[in-house]
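Given chain G, work out where chains L, U and C should sit, using these hints.
Residue strings, one per chain:
4 protein chains.
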Amino acid sequence: MRTKINIAVIGAGRIGRLHAEHLAYRIGGARLVAITDLRKEAAEECAANLGVPQAFQDHRRVLDDPEVQAVVICSSTDTHASLIADAAAAGKHIFCEKPIALDLAQIDSALDTVAAAGVKLQVGFNRRFDPNFRRIWALVREGTIGETHLLRIASRDPAPPPIDYIKVSGGIFLDMMIHDFDMARYLIDDEVRELYAVGGVRVDPKIGKAGDIDTAVVTLKFANGCFGTIDNSRQAVYGYDQRAEVFGAKGMVSTENNTPNRSRLSTSEGVREDLPLYFFMERYTESYLNEMNAFIECIIEEKDPPVTGQDARVPVVMGKAAGLSYEQNRPVTLSEIS
Amino acid sequence: MRTKINIAVIGAGRIGRLHAEHLAYRIGGARLVAITDLRKEAAEECAANLGVPQAFQDHRRVLDDPEVQAVVICSSTDTHASLIADAAAAGKHIFCEKPIALDLAQIDSALDTVAAAGVKLQVGFNRRFDPNFRRIWALVREGTIGETHLLRIASRDPAPPPIDYIKVSGGIFLDMMIHDFDMARYLIDDEVRELYAVGGVRVDPKIGKAGDIDTAVVTLKFANGCFGTIDNSRQAVYGYDQRAEVFGAKGMVSTENNTPNRSRLSTSEGVREDLPLYFFMERYTESYLNEMNAFIECIIEEKDPPVTGQDARVPVVMGKAAGLSYEQNRPVTLSEIS
Amino acid sequence: MRTKINIAVIGAGRIGRLHAEHLAYRIGGARLVAITDLRKEAAEECAANLGVPQAFQDHRRVLDDPEVQAVVICSSTDTHASLIADAAAAGKHIFCEKPIALDLAQIDSALDTVAAAGVKLQVGFNRRFDPNFRRIWALVREGTIGETHLLRIASRDPAPPPIDYIKVSGGIFLDMMIHDFDMARYLIDDEVRELYAVGGVRVDPKIGKAGDIDTAVVTLKFANGCFGTIDNSRQAVYGYDQRAEVFGAKGMVSTENNTPNRSRLSTSEGVREDLPLYFFMERYTESYLNEMNAFIECIIEEKDPPVTGQDARVPVVMGKAAGLSYEQNRPVTLSEIS
Amino acid sequence: MRTKINIAVIGAGRIGRLHAEHLAYRIGGARLVAITDLRKEAAEECAANLGVPQAFQDHRRVLDDPEVQAVVICSSTDTHASLIADAAAAGKHIFCEKPIALDLAQIDSALDTVAAAGVKLQVGFNRRFDPNFRRIWALVREGTIGETHLLRIASRDPAPPPIDYIKVSGGIFLDMMIHDFDMARYLIDDEVRELYAVGGVRVDPKIGKAGDIDTAVVTLKFANGCFGTIDNSRQAVYGYDQRAEVFGAKGMVSTENNTPNRSRLSTSEGVREDLPLYFFMERYTESYLNEMNAFIECIIEEKDPPVTGQDARVPVVMGKAAGLSYEQNRPVTLSEIS
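Residue numbers (the numbering used here), protein chains in the order written: chain G, 739 to 1076; chain L, 739 to 1076; chain U, 739 to 1076; chain C, 739 to 1076.
Check before you lean on any hint, since a few could be wrong.
To be verified - Distance condition first, Cα-Cα at most 16 Å in a straight line; then the derived EDC-like pairs of lysine to aspartate or glutamate: (1) L:K988 to G:D895; (2) G:K988 to C:D846; (3) C:K947 to C:E932; (4) C:K988 to G:D942; (5) G:K988 to L:E1007; (6) L:K988 to U:E929; (7) U:K988 to C:E1007; (8) L:K988 to U:E1065; (9) C:K988 to U:E1007; (10) G:K988 to C:D895; (11) L:K988 to U:D803; (12) C:K988 to G:D803; (13) U:K988 to L:D942; (14) C:K988 to G:D979; (15) U:K988 to L:D895; (16) U:K988 to L:D979.
Simulated from the structure, these hints should not be mistaken for lab results.
This is chain G alone, in the form it adopts within the complex (with noise of 0.2 Å):
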């Protein structure tokens, strides 16, 4: 008989709506036995859609109980720190969503919480389980590009967000290319030693005017030796652009933006293509996917988690560093952050 781990998703929202569905049907090792939010009926419609047996109000009661071996935190940001420490004084795995925290005490205060209780703990950046950026990393680790020069990022949303939360997103560094400071780390296998970033607003005003940018290049200096740029816009009109590139001694290896299909269409106009799956719920459902499976594995094999506490930590890191060279119009060194 296969081995099962007891879970609950904390959270009924969107990416936790996403995460509860995963996990109820499509992971051979998980049984979701609650979903807790706290507005009682989202936790009790999701529970109902799904077939799940309890549903909370209070994230306690799944905390409490004895046969709950982990949880899916998917609340909202300012919640995610002390409910890992909660979890893991719980005796919880732990799989949560990004970022942990947006303040570095608060993130070392959760991850030595961890650390006390011996918990496992993996961090939602999904975009490492795509098949693409995957199909980078193995290229880049497996040698076959050789020394590592050169890194590229595009990363550039369909659309900018509501202002009311470029408001509080924290910015642009930490909000949106936080992903692709993950990313950089991630393909190049690599720290990151120092960046500098320029920036302005180009989409729209109101971003501007609410105190954020919404256009970014970022510079890098890997500690290998390696440089790498990112670069991000709030709005690409033709949908989500997604792509990276490795460049090394022996080669290069790069990733197109997935399509709905592999149509053509050859008119007196041009030969046209279709557009890249729109958002990240489109592109990156096999990531979702791919990643959850990864931490009941961790769970079941007693293995280390793929994307670890420390992996949340420093994009936090490069993000306030990229603020920081934003703002002096300097390169900034991680040191002078964390």
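Quick look at chains L, U and C alone, frame taken from chain G:
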């Protein structure tokens, strides 16, 4: 509260298990209530894995159950026609894997029963639901490429089936090209009037000894004046090759194979992309899910199924015409067969 | 000091001017010494533009000139056979545009004269020298794709020629598909034994009234067991469509159309590439230059021409076989014709 | 009768011979009347090969010849500025290979002479005439992609030059990236205000010992608010990598590398395309021809040259700014240099 159709799967082989998994977990409008298989352990194991309440050896158990509204027939081909008749007589809606039978009289008899019973019948030409081919179909239907002039289908398996299978398969035209005959009718949205088949043993002499060929090309004349070609090979060493192209008065649309990722690796050896997805379970995952969703939807919304009994019959006629054409090395009209 | 072949061009029409320009400027081993044309001003204008010393109305002037070592015949098709005979009798090496004639007896007579005179004859099947098709040929020849099983050629013009041209063209199989018959033999490096042709009027009813068809598909059986299809259309609205694909035991090679640039434009409408190069003067520029270089080289190095008289004859046989097959709607063996 | 410009080429090295061949044969508006080179045999051999009437050791011979209307300066870089001054003083129109000089005072002095003489000066930034980059430029200019937000240029040589060349090259920013600085200004159609350079020795330690770096990334801030990155490597093992991408408010346009053919080979190993054209002589053949045609046209039609003296000056300023930025690891404004 959402309507759910109570459904049972008959046959727990590879394709039966696939449909069962989709019905159990991924199709909101269905409730999978039972699985049957002549090998009772197979039915029981599948039911246990998916949390399905009932498993039977005898398919009569589900036909006799008034709660069951629909069945999915995934048993061996020689049982399809009689199971359709039984299920129709029992008032169940029917999804049946292709082909219904290789004998036209059996097909006609089964279709008569379905018509008499007034139940819905959908046949498993799943490739119609593949996003690539669906895109071609849509562009043809909406007139984007104008009147159709030329069709090309390449359909090549990664490796031949076992020789024992070849012997009972009905031959390449009825076993393999039957999918492409359906695709041809689907993409051009018209009927073939005449065809001409050539072929030979190019892959494995054992296939020739078993009385079949492994490589074939068929030319089609459609009623609307379009011409088409289909080529089949039992072995494409680079994987499952499934492409189509339609050329018309206003343009041309073609599709590439699906790949596991969109990476491009440039080394001193060349620029390399990954091979196509290996075989139908990988390539057509999405189409299997889509076809079952469409079946459930046509029951709930009381619509006609998107793939009808007639759609099941015609490709068999075409396969027989192709066999005759190949034997006699002459063009054969479909009216000679049906 | 580099050897230079003294050469004259007969016929200063579009293709004659193209060859003359190449011979005057871009082919190191040739010295273009004269141009002739029945319209003397055409010859003179061309000679003046290119700085060629002599221009004549009468091609005998170059055949009688002992300094002239080779001629390039670009006059109208009906003059090719007699010009070949005259040039051969005068001891000149001959490059002749295709076809030599549409009458096999005329071709054979011309080839006999060439053989008796011991001069070299190369026929203008320029597409063999296109880098795309040459790449396929090389991969087939070096065994990279193994024994050949399937061939597909798509060959579609951007727009039909004038109806007056259609009337005297010899029909689609001898006027247009003749290039593809040559390509088929070239790519598979083998002879066709039998073929089957279908076709119709899909582009313009005027073509039908002129006694021709504008859309055709031919199935080929090669002596080595390979099967092939060729499709032709007189009008691809997206431009000149010239693609081929060879599938074999060890792999498959295919080619895309050439485009004026490699840009990709992504907007909210889709991802767009530019159309293929419009027609043969743009697409096959390089192949025209390459074939003439090869001709000059075979004279200087006393080698056999890469496209022989037999290569000129067989496609005419195939064109006639295709015509017969189309008329009688049955497969025709080449031995019925030649 | 067509106007022809009498022109002379100064310097019969690799690039001089290329321009001479184009002027002799492929540019209708030019008559190549003389070639000069300090090595007289080089001039004579080139003239003999191309049928050019005069060859000289001393460039004064062509400057003193009143029949000569224009000169093409292809001698070594250190002679460019004085040759421009001499030619301008002699009233000749001037095409000069880039760069004019690495010293800004020398450039300014040369440009002053040109202005005073009222002759035309075009500088050899040939890549602007490449069909790929020209396509991007046109789409930006016509507003198809809207206001520009982001620019990415990848520019990587297939192999480093000899170390002896590296030592006198002026360094990667002035020798190699200078082309990309020009390209950046061209594609965005705007000026850079500030840049930031990083780089290192990743390819060959000998380059480091020679006082240069071989890998570099520069971030650009344009006056119009666009941001750009350029990356350079002295060694891309897969060949000459020359791509650009511009992202704007209404879309994105990018270009792929040119390849010798458009074949795709599918075997059990993967799907393979051929490598990019190896180096600038292959990749930019067409652009060299186009730029010279443009120069001749601007003389005949009395238009302004498409690449001006200012276009020659600014990339040198940018190269110096990049060098300073790299040395001091800080952003540098162009106004600090010029």
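Given the hint that K988 (chain U) pairs with E1007 (chain C), test it: the Cα-Cα distance must not exceed 16 Å. At roughly 10 Å apart (the allowed maximum being 16 Å), E1007 (chain C) and K988 (chain U) satisfy the hint.
Please work out if K988 (chain U) and D895 (chain L) have their alpha carbons no farther apart than 16 Å. holds, 14 Å
Taking 16 Å as the top limit, are the C-alpha atoms of K988 (chain C) and D979 (chain G) close enough? holds, 14 Å
If you draw a straight line from the CA of K988 (chain U) to the CA of D979 (chain L), is it 16 Å or shorter? holds, 14 Å
Mind checking the alpha carbons of K988 (chain L) and E1065 (chain U) for me, to see if they're no more than 16 Å apart? violated, 28 Å
Within a Cα-Cα threshold of 16 Å, do K988 (chain C) and D803 (chain G) meet the stated pairing? Between K988 (chain C) and D803 (chain G) the Cα gap is close to 53 Å, so the pair fails against 16 Å, i.e. violated.
K947 (chain C) paired with E932 (chain C) [C-alpha distance capped at 16 Å]: With a Cα-Cα distance of about 29 Å, the restraint between K947 (chain C) and E932 (chain C) is violated, given a limit of 16 Å.
Checking one constraint from the list: CA of K988 (chain C) to CA of D942 (chain G), max 16 Å. Satisfied? holds, 13 Å
Given the hint that K988 (chain L) pairs with D803 (chain U), does the C-alpha gap stay at or below 16 Å? violated, 53 Å
Quick one, are K988 (chain L) and D895 (chain G) close enough, alpha carbons at most 16 Å? violated, 34 Å
Hint check: K988 (chain L) vs E929 (chain U), CA-CA at most 16 Å. Holds or violated? Cα-Cα ~35 Å, so violated.
Quickly compare the C-alpha distance for K988 (chain G) and D846 (chain C) to 16 Å and report which way the hint goes. Roughly 43 Å separates the two Cα atoms, so the pair is violated.
The structure does not agree with the numbered hints 1, 2, 3, 6, 8, 11 and 12 stated previously, though it agrees with the rest.
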